[in-house]
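Got chain A sorted already, so can you dock chain B onto it with the hints?
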Amino acid sequence: DAKTTQPPSMDCAEGRAANLPCNHSTISGNEYVYWYRQIHSQGPQYIIHGLKNNETNEMASLIITEDRKSSTLILPHATLRDTAVYYCIVRVSGSARQLTFGSGTQLTVLP
Amino acid sequence: GAVVSQHPSRVICKSGTSVKIECRSLDFQATTMFWYRQFPKQSLMLMATSNEGSKATYEQGVEKDKFLINHASLTLSTLTVTSAHPEDSSFYICSAIDRGQGEQYFGPGTRLTVT
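Heads up: the protein sequence lines correspond to chains A and B, in order.
Position one of the first sequence corresponds to residue 1462 (this note's numbering), numbered consecutively onward.
Position one of the second sequence corresponds to residue 15 (this note's numbering), numbered consecutively onward.
Looking at chain A on its own, in the form it has when it is part of the complex (with noise of 0.2 Å):
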């Protein structure tokens, strides 16, 4: 699976968007793009993934750049209880691999 690469942290204002990048420029053509997230002494929920196409559900909207290289995952109005680790993991649809879990992103919404 490629390697992603994200900001260690980011803070972001309760109500307002968070916009979390994501690196992944060894992605191969069947990779989808997979966002993770953990709240802190919980197993990782999942939120979105995608291919090539912007992709939106009731969680978050993930932006996918047209070369595939780099993503954006955005929560559109950010509360207290999304502060968590968001984890990028870039796996081929499907496949019985296990996920592989990078350092991720720590997202604190701030009052």
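There may be inaccurate statements among the hints.
As the list claims (entries may be wrong) - Think about it this way: if two alpha-carbon atoms lie no more than 35 Å apart in a straight line, the pair counts; the simulated DSBU-like pairs of lysine-lysine are: (1) B:K28 x B:K69; (2) B:K55 x A:K1464; (3) A:K1513 x B:K55; (4) B:K55 x B:K28; (5) B:K78 x A:K1464.
Since the hints were derived computationally from the structure, they do not count as laboratory data.
Structure of chain B alone, referenced to chain A:
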């Protein structure tokens, strides 16, 4: 969405004893489950891959005789920490691959404290 449960959520045991942690997929069948370990302020590290009906595959550095994994059915995998020591204190997380969808879901984790 698919749900994975773990039991217990927290356990405290004495050094030298064994502890069993259960991981269940509640609404899907999982031919493959994974066990991760997470130390404070660190990321998740894969310990082993558990396949239903076969022996688990352990990552380098993980003692298979210490961390016993059993995946006897399509909805249940267990991790037994044998002869636990304080350095085994950690957050243990399982995940399961939905055999139908191919996506991976995580349990809520088990906090093990060895005194």
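Here is what the structure says about each hint:
no.: 1; hint: B:K28 x B:K69; in the structure: 28 Å, holds
no.: 2; hint: B:K55 x A:K1464; in the structure: 20 Å, holds
no.: 3; hint: A:K1513 x B:K55; in the structure: 32 Å, holds
no.: 4; hint: B:K55 x B:K28; in the structure: 24 Å, holds
no.: 5; hint: B:K78 x A:K1464; in the structure: 28 Å, holds
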